[in-house]
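A.B. asks: In case you want the letters, here they are:
2 protein chains.
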Amino acid sequence: MLKIRQTTSEQLSLLIELARWISISALVGIMGGSASALLLISLNYATDLREKHVWLILFLAPAGWLVGEMYKRLGTSVEAGNNLILEEIHSPTATIPVRMTPLILIGTFMTHLFGGSAGREGTAIQTGASLADQLARPFRLSPRDRRILLMAGISAGFASVFGTPLAGAIFGLEVLAIGTLSYEAIAPCFMAAFVGDLVTRAWKVHHTVYTVTDVPTMSIRGVAYAMIAGAIFGLAGMCFARLTHAVSHLAKKYIVNPPLRPVAGGLLVTIAVFGLGTSHTLKYIGLGIPTIVAAFHSRLPAYDFAAKSIFTAITLGAGFKGGEVTPLFFIGSTLGNALSRLIPLPSSLMAGMGFVAVFAGAANTPIASTLMAVELFGGEAGAYAGIACVISYLFSGHAGIYSSQRVGQSKH
Amino acid sequence: MLKIRQTTSEQLSLLIELARWISISALVGIMGGSASALLLISLNYATDLREKHVWLILFLAPAGWLVGEMYKRLGTSVEAGNNLILEEIHSPTATIPVRMTPLILIGTFMTHLFGGSAGREGTAIQTGASLADQLARPFRLSPRDRRILLMAGISAGFASVFGTPLAGAIFGLEVLAIGTLSYEAIAPCFMAAFVGDLVTRAWKVHHTVYTVTDVPTMSIRGVAYAMIAGAIFGLAGMCFARLTHAVSHLAKKYIVNPPLRPVAGGLLVTIAVFGLGTSHTLKYIGLGIPTIVAAFHSRLPAYDFAAKSIFTAITLGAGFKGGEVTPLFFIGSTLGNALSRLIPLPSSLMAGMGFVAVFAGAANTPIASTLMAVELFGGEAGAYAGIACVISYLFSGHAGIYSSQRVGQSKH
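Chains A and B, in that order, are what the protein sequence lines are.
So the first sequence is numbered by our numbering: it starts at 287 and just counts up by one.
So the second sequence is numbered by our numbering: it starts at 287 and just counts up by one.
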């Protein structure tokens with residue numbers, strides 16, 4: 287009897303703790319999902335405007351100065367962005383300033399309006415986590431609980447910005463460390479991810495649909511091809527991460543005044559865009575969604591992935607704002623498209639595999655990436671993508687796009 | 287330059303290591319997949335024969351004695367089954383005797399032929415891992431590499447017996463410990479899982495198809511219903527695990543001679559089957575696949591899940607052989623079917639959620655279970671199932687069906 291009573295009281299206290307976390311993570315989801323909706327709407331607006339007025343790209347350098355000045359005057363405490371959030375999860379010290387949210391939203395908007403090459407997941411993670419962190423004090427959370435709160439914020443942001451709740455839930459657990467995954471925040475991350483995704487959709491934001499049109503029945507050959515492709519995707523992810531770090535390192539070394547770094551980066555991008563001819567280069571700036579969609583159904587130039595890597599590394603390495611993941615989707619899907627000339631798998635499948643696998647390698651998140659493939663492309667394509675993600679993860683080395691990610695377990 | 291050279295040599299040595307592991311895990315997959323094929327074919331044969339000749343169930347007790355004597359004389363070193371494999375992974379000592387494979391295959395065949403209520407994943411894991419372990423010596427694997435080998439063997443067995451490679455790959459990583467997951471064996475587990483599944487299919491073995499016919503668009507209500515259902519599924523998983531442990535404990539306490547324990551269990555099952563009337567009870571013995579399929583499209587008695595829990599706990603607790611997972615699918619899908627009278631979600635969706643979520647709770651493997659849902663029922667049902675699996679995992683306590691599972695991170 288005692289055992290049963292103990293058990294019942296264990297389940298009861300669990301129920302109470304869960305009810306508390308449900309409220310907290312629902313709030314995290316509502317805030318993160320709303321911020322993602324605002325972000326997506328503002329980026330649609332910025333992209334439309336820029337596509338109508340290509341001359342806006344001439345002002346990328348001055349826009350970079352504005353973003354740089356804004357962060358120099360108001361944002362030094364939040365400039366580390368995603369890495370600040372990861373550091374706070376690893377060793378909690380102080381609440382993340384709420385100003386992270388408006389600063390990153392404005393910075394990302396400016397970056398995209400004036401033609402930087404960047405993504406959005408970094409922004410969504412920062413708004414999700416910094417808004418979530420504001421709940422720590424009113425709910426009197428312990429440092430351990432604050433860690434869970436921040437992970438739920440990451441999940442809410444990631445899930446809502448891409449419309450992939452399962453991938454978002456696991457991403458918040460998986461991104462902290464390379465090679466290990468701990469379940470302590472699993473329920474809050476799931477809750478925040480699903481609520482965040484629903485809230486973004488409730489704001490009438492629609493996500494792009496990518497369609498893998500042709501998936502051959504799995505075979506030993508299919509496994510082998512997916513592994514070869516995965517290794518190449520992993521190297522591409524590693525190259526992108528290193529290139530971005532190298533640009534950032536050079537900019538910091540040679541340009542002392544921070545706001546001048548994005549000015550230099552902006553100038554380079556503007557010169558490249560107009561110097562090489564807008565008919566060739568416009569696809570490499572901004573999010574690049576039309577090219578990602580095209581990678582699933584048309585034959586694209588084989589160098590697209592390299593051009594996008596360079597444009598994005600310059601933009602983000604120089605200090606513009608946004609994320610790395612949508613460019614990684616671009617790099618991966620176009621590289622997959624190109625590789626389908628050599629690897630005998632359908633090009634739309636290869637695009638889908640590259641879409642998630644370059645990201646898996648660069649972010650060191652193979653399970654979240656596999657779930658994303660399943661959510662976006664279905665289970666059959668997800669099987670190929672899962673193999674590619676795991677091999678990409680192995681081949682991408684230990685220095686991914688998030689420098690504050692720890693090494694929980696060496697890859698080899 | 288040095289850095290680039292270092293990197294290149296790092297990737298090269300990775301390539302060599304990977305090539306070695308690809309050969310090893312392909313062999314693991316071939317052996318595990320073939321053993322699963324043999325198991326599935328033999329169980330089909332046993333089930334057909336038993337359904338044609340119901341009187342076979344009268345001989346369950348003597349069959350239990352045979353199984354018990356067989357293990358007493360030949361199998362004391364491998365009697366711990368799944369737990370022996372988990373122990374060897376946690377602290378490697380000696381190669382698992384190859385006799386584990388024929389003994390468990392024969393034991394499972396006898397259990398099913400004479401009407402015990404049991405599953406098959408335990409058998410597939412044991413054949414997969416014990417066959418894999420035979421490669422440790424020829425390939426001169428270190429103790430660390432032998433752990434990876436055993437995990438790949440688990441993945442091969444699980445993936446091939448259910449036809450779910452992604453779930454199998456993650457199951458081999460996830461089952462070791464509660465609350466943490468380490469990636470060191472991720473590539474061998476994926477490789478062994480995919481090859482194992484392909485090999486089983488190459489042996490012309492077909493897997494049952496379960497169809498979730500109706501999935502409403504996700505909503506806040508849907509999330510809430512999935513959480514409530516998940517909590518109940520978790521409690522059902524916990525009750526099943528405790529009941530099985532309790533039967534086993536009682537049998538060991540009151541029956542000194544091991545072969546007499548399955549005799550007692552067999553007698554109980556036979557008396558129950560014929561005493562309560564075969565028209566009611568035959569569905570609870572064996573694998574119970576027709577009832578699982580029916581749970582996805584028909585209304586079933588609300589007590590089915592409880593009856594199956596009792597029949598299986600007696601069968602397995604008394605020392606018959608097989609696995610727990612197919613009975614857990616039965617318990618989950620029929621419980622989901624029953625709960626759809628109270629929870630306003632479609633009954634086929636509730637059956638699918640229960641199918642994976644009771645298993646997630648009892649085995650403490652929420653991510654593998656979510657992937658299984660996606661592979662079997664598709665991404666949309668998988669979202670509901672994922673929520674249910676995570677909540678079930680939280681509510682099932684720390685004593686699952688695998689006693690040798692360690693607690694990596696407490697659930698709450």
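Read the hints as simulated data drawn from the structure, not as lab findings.
None of the values given here were measured: they were computed from a predicted structure.
Wrong hints could be hidden among the right ones.
What the hints assert, rightly or not - On the chain B side, residues computed to face chain A include the following (Cβ under 8 Å): (1) Phe425; (2) Val501; (3) Leu554.
Unchecked claim - Pair by pair, the computed Cβ-Cβ distance ranges are: (4) A:Ser428 with B:Ala510: 45 to 55 Å; (5) A:Pro587 with B:Leu298: 21 to 31 Å; (6) A:Arg507 with B:Ser363: 17 to 27 Å; (7) B:Asn330 with A:Pro424: 51 to 61 Å.
What the hints assert, rightly or not - Some chain A residues well away from chain B (every beta-carbon gap over 10 Å; in silico): (8) Ala323; (9) Ser505; (10) Phe681; (11) Lys697.
Cβ coordinates follow ideal geometry from the N, Cα and C atoms, glycine included.
A.B. asks: Going through the earlier hints one by one, which of them does the structure break, listed in rising order?
C.D. replies: Hint check: 1, 2, 3, 4, 6, 9, 10 and 11 fail, others pass.
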